[in-house]
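Chemist: The chain contents come next:
Protein chains: 2
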Amino acid sequence: MKLSQKIQEMELSPIRKFVPYADAARKQGKKVYGLNIGQPDIKTPTVFFDAVKNFNQEVLAYANSHGIPELLDALVGYYKRIGLDYTTDDLLITNGGSEALSMIMTAILDEGDEVIMAEPFYTNYKTFIKAAGGDIVAIPTTAEDGYQYAVREKIEGVITPKTKAIAIISPGNPTGKVLTEEEMALIVDIVVKNDLYLICDEVYREFTYDGRELRSFGSFKEAEQNVIIVDSVSKRFSACGARIGSIASKNRELMQNLMKICQARLCCPTLDQVGAAALYNLDPSYFNDIKKEYEYRRDVSVQALNEIEGIKYGVPEGAFYITCQLPVDDAEKFLMFLLQEFDVDGETTMFAPAAGFYGTPGVGKSDIRIAYVLKAEDMKKGINIIKEGIKAYNAKQGK
Amino acid sequence: MKLSQKIQEMELSPIRKFVPYADAARKQGKKVYGLNIGQPDIKTPTVFFDAVKNFNQEVLAYANSHGIPELLDALVGYYKRIGLDYTTDDLLITNGGSEALSMIMTAILDEGDEVIMAEPFYTNYKTFIKAAGGDIVAIPTTAEDGYQYAVREKIEGVITPKTKAIAIISPGNPTGKVLTEEEMALIVDIVVKNDLYLICDEVYREFTYDGRELRSFGSFKEAEQNVIIVDSVSKRFSACGARIGSIASKNRELMQNLMKICQARLCCPTLDQVGAAALYNLDPSYFNDIKKEYEYRRDVSVQALNEIEGIKYGVPEGAFYITCQLPVDDAEKFLMFLLQEFDVDGETTMFAPAAGFYGTPGVGKSDIRIAYVLKAEDMKKGINIIKEGIKAYNAKQGK
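Protein chains in written order, with this note's numbering: chain Y, 1 to 399; chain S, 400 to 798.
If we strip away everything but chain Y, and leave its shape as in the complex, we get:
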């Protein structure tokens, strides 16, 4: 029996594969700051739990494949409030943003097709694209150039006859890069001229800092056939465990074909959809405090990172991740050191080694992604452990 070639080419997620080692450290009595994963400690709005608890049908039945009407209506309302005129026919509810991405890749990629993405990229895209038979073509960016990828020559330089789509995460994971309106207009121009799908992962839409306003790619009428918006309640409402995401597109042919996959997998969980509807019906003022809190956590994290000698990173403009190049030879080895051999007063830190966020071979070996999803005090402590850990790790290696 032989496994498929494509699964052999996939990798375990660098965000999750070290979890067993963190669990082992916890079992030994260590406290571990989890900066590896975008799991906020912000409370899930109680309306979610209330809605779930008020569900009073005796049979927990299948939902329809498209999504439950209450959630679709709530999502239409949410989009309307941010100026987008999606109707329920333009929407599909998915098992998290993850299933949305996986379905989209299946719908547009055949063996050998290419998707253009800025590098570093959210590593799980590799798996979704590989599963559909495709490959990522990376546009390298660095902290020094401000993670800038919306440059005509950079993008057009990598378009080939195999290119099917450009995938954008803005606000960005893992760099926090937020596109400006001019950059967005440039990308829209390129996808329209080159007849490409534009996959827009906007799950961090509300989280932009320093007064930045963010337009959605869904508002560019000229690209409405190209644009596919991916959304999720996970980060937006701190409801990661609900696994409710969505796809929005005016491209009827695409949506009708996506429905084939939706019907085959039957539906998304009924109770979580009921809860998610309540979330999308929240007053938009809900985001004010949350956004302020994340901006504060960013500031505190940046301040703490500045204490680390030899570190390189770009200050995030949105979302809640920072990609940093550490003064260590190998971020994976350093993480194992933190989990297995190091602590500060019985505490240690976990982050995501970021080599897996790159497509270019050999790049990113010293890089890590941290998520500033914990309260400011914990972020300070967690980052301080990294700082002290680097000294101990490099000393141990005789550097």
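Any given hint could turn out to be false.
Label pairs and their in silico Cβ distance ranges [stated by the list, open to error]:
1) S/K690 <-> Y/K80: 45 to 51 Å
2) S/V458 <-> Y/G310: 58 to 64 Å
3) S/E621 <-> Y/R26: 36 to 42 Å
4) S/K426 <-> Y/E253: 23 to 29 Å
5) Y/E9 <-> S/E706: 39 to 45 Å
DSSO-like mimics (lysine-lysine), calculated; alpha carbons at most 27 Å apart, straight line [stated by the list, open to error]:
6) Y/K53 <-> Y/K43
7) Y/K2 <-> S/K553
8) Y/K221 <-> S/K401
9) S/K452 <-> Y/K43
10) S/K764 <-> S/K780
11) S/K401 <-> Y/K193
12) S/K786 <-> S/K774
13) S/K452 <-> Y/K53
14) S/K779 <-> S/K690
15) Y/K375 <-> Y/K27
16) Y/K27 <-> Y/K43
17) S/K780 <-> S/K429
18) Y/K27 <-> Y/K17
19) Y/K53 <-> S/K442
20) Y/K80 <-> Y/K292
21) Y/K292 <-> Y/K375
22) S/K429 <-> S/K691
23) S/K790 <-> S/K426
24) S/K401 <-> Y/K154
25) Y/K162 <-> S/K401
26) Y/K2 <-> S/K620
27) Y/K250 <-> S/K401
28) S/K779 <-> S/K691
29) Y/K381 <-> Y/K333
30) Y/K250 <-> S/K416
31) S/K592 <-> Y/K2
32) S/K561 <-> Y/K2
33) S/K732 <-> S/K764
34) S/K479 <-> S/K620
35) S/K790 <-> S/K416
36) Y/K17 <-> Y/K380
37) S/K780 <-> S/K416
Chain S stretches covered by chain Y per the calculated footprint, using a threshold of three residues with CB under 8 Å from any CB of chain Y [to be verified]:
38) 462-471
39) 501-515
Keep in mind that the hints were calculated from the coordinates and are not lab data.
All C-beta atoms in this analysis are idealised placements derived from N, C-alpha and C, irrespective of residue type, glycine included.
Assemble chain S onto chain Y, guided by the hints.
Modeler: Just chain S, lined up with the frame of chain Y:
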């Protein structure tokens, strides 16, 4: 922009694509008996809802990719009670049996690879297999031959160098065929000799009738590297909307590779896993009444079907589906007639046209699948409408 070849080759589900027409009929005030989908009207055990309501964490966090420990432990206990010694390392929790199948296909199939299945088969397998780049090679069976496929020549006759797996649903969907122990031993022998994966969809395990005892493929030690068990709470506990399924296998290499996909899609819904753990902890006596009830519904349904002149079908031995060949030219056209033009006292019936359950071109055009998931009185009425509808439909066509 061009959609992928593979999605163009997929089809909308014949079980779900007529739902909008049923909804339209309902809007016109008709009552529609939904025999199209395996959605039982049996109450979901209250322990599910109780567990969900007792969840008292403030943050609805990601679960781990593998599944929550309570559910994994409960599943180990369930398997132990039916004589299978799976440990938590042998299990993965999935978004329904659907995601389990879709992951397995991705893990074992590359472009052009083949999976052998008895025909008629549960139609959604086509989509999962096609999405992974593979194809179904069908072993035709008919009501007349008792839907028998476990015959050495039939199976070995379709094995090619491209064959990667045999997929078995027993108790069967859509025929209700239940494999005997001898038939299972034969299939085990074939997969071991030919080095094939054996995908065993046993989600209807508890529903076998006329005193039949069912052994799990998981109990054949000689094939433990070949066997992959797919399970789900949907039918077993009438909890279709929970979307909790699982994969069980002793094949370590396979399970480690499946974890790559599990990690990329992050996790299954947290609350539904909490509820599902309570279901798998139910005393096995729970199934006694349920099984009796389904057996009764089968008997009533069979009796009602016998009233239809010219019908052909095999009496199901398990699960809750009956595949019937109707004396009509085209089951899809007949269904549209029932939904749009016909009623008995303001009531009509919906079923799944079964052409999509066949791989052999041109076969199954007059076939339907009905699910005996409604209470006996409703099954009688629903089937009587089919009977009266056939007369009216054929009369209208001048037959």
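Chemist: Now look at each hint and say whether the structure bears it out.
Modeler: The hints, checked one at a time:
Distance hint for S/K690 and Y/K80: a CB-CB separation of about 49 Å, consistent with the stated range 45 to 51 Å. The supplied range of 58 to 64 Å is broken by S/V458 and Y/G310, whose beta-carbon atoms lie about 35 Å from each other. Range check, S/E621 to Y/R26: about 40 Å between beta-carbon atoms, so the 36 to 42 Å window is met. Between S/K426 and Y/E253 the Cβ separation comes to about 27 Å, which falls inside the hinted range of 23 to 29 Å.
Between Y/E9 and S/E706 the C-beta distance comes to about 57 Å, which lies outside the given range of 39 to 45 Å. This hinted pair checks out: Y/K53 and Y/K43 have alpha carbons roughly 17 Å apart, not beyond 27 Å. With a C-alpha separation of about 24 Å, the suggested pairing of Y/K2 with S/K553 holds against the 27 Å cut-off. For the proposed pair Y/K221 and S/K401, the alpha carbon gap of about 20 Å is at most 27 Å, so the pair holds.
Restraint check: the Cα-Cα separation between S/K452 and Y/K43 comes to about 17 Å, which is no more than 27 Å; the hinted pair holds. At roughly 24 Å between alpha-carbon atoms, S/K764 and S/K780 fall within 27 Å of each other, so this suggested pair holds. A distance of roughly 15 Å separates the Cα atoms of S/K401 and Y/K193; the hinted pair therefore holds under the 27 Å criterion. Restraint check: the Cα-Cα separation between S/K786 and S/K774 comes to about 18 Å, which is no more than 27 Å; the hinted pair holds.
Of the pairs offered as hints, the one joining S/K452 and Y/K53 holds, with about 6 Å between alpha carbons and a cut-off of 27 Å not exceeded. Taking the CA atoms of S/K779 and S/K690, the gap is near 19 Å; set against the 27 Å cutoff, the hint holds. The hinted pair formed by Y/K375 and Y/K27 meets the criterion: a straight-line CA distance of about 23 Å does not exceed 27 Å. At roughly 26 Å between alpha-carbon atoms, Y/K27 and Y/K43 fall within 27 Å of each other, so this suggested pair holds.
Distance check on the hinted pair: S/K780 and S/K429 sit about 14 Å apart at the alpha-carbon level, within 27 Å; holds. Restraint check for Y/K27 and Y/K17: the C-alpha separation of about 17 Å stays at or below 27 Å, so the hint holds. The hinted pair formed by Y/K53 and S/K442 meets the criterion: a straight-line CA distance of about 17 Å does not exceed 27 Å. With a C-alpha separation of about 23 Å, the suggested pairing of Y/K80 with Y/K292 holds against the 27 Å cut-off.
About 12 Å separates the Cα atoms of Y/K292 and Y/K375, which keeps this hinted pair within 27 Å; it holds. Simply put, S/K429 and S/K691 have alpha-carbon atoms about 31 Å apart, too far for the 27 Å limit, and the pair is violated. The hinted pair formed by S/K790 and S/K426 meets the criterion: a straight-line CA distance of about 25 Å does not exceed 27 Å. The straight-line distance between the Cα atoms of S/K401 and Y/K154 is roughly 24 Å, inside the 27 Å bound, and the hint therefore holds.
Between Y/K162 and S/K401, the direct Cα distance comes to roughly 11 Å. Compliance with the 27 Å bound is thereby established for this hinted pair. Our distance criterion of 27 Å between C-alpha atoms is met by Y/K2 and S/K620, whose separation comes to about 20 Å. The straight-line distance between the Cα atoms of Y/K250 and S/K401 is roughly 15 Å, inside the 27 Å bound, and the hint therefore holds. Between S/K779 and S/K691 the alpha-carbon distance is near 17 Å, which keeps this suggested pair within the 27 Å criterion.
Annotation: proposed proximity of Y/K381 to Y/K333 holds, straight-line Cα distance about 21 Å (limit 27 Å). Simply put, Y/K250 and S/K416 have alpha-carbon atoms about 21 Å apart, close enough for the 27 Å limit, and the pair holds. For the proposed pair S/K592 and Y/K2, the alpha carbon gap of about 15 Å is at most 27 Å, so the pair holds. A distance of roughly 11 Å separates the Cα atoms of S/K561 and Y/K2; the hinted pair therefore holds under the 27 Å criterion.
A hinted pair counts as satisfied when its Cα atoms are at most 27 Å apart, and S/K732 with S/K764 qualifies at roughly 10 Å. Only pairs whose Cα atoms come within 27 Å are accepted, and S/K479 paired with S/K620 is accepted, the gap being roughly 15 Å. Restraint check for S/K790 and S/K416: the C-alpha separation of about 25 Å stays at or below 27 Å, so the hint holds. A C-alpha spacing of about 24 Å is found between Y/K17 and Y/K380, which places the hinted pair at or below 27 Å, so the restraint holds.
Taking the CA atoms of S/K780 and S/K416, the gap is about 23 Å. The hint holds against a cut of 27 Å. With a threshold of 8 Å between beta carbons, the proposed coverage of the segment 462-471 of chain S by chain Y holds, since 3 of its residues qualify and at least three are required. Check on the segment 501-515 of chain S: 8 of its residues sit with their Cβ under 8 Å from a Cβ of chain Y, so the three-residue criterion for coverage holds.
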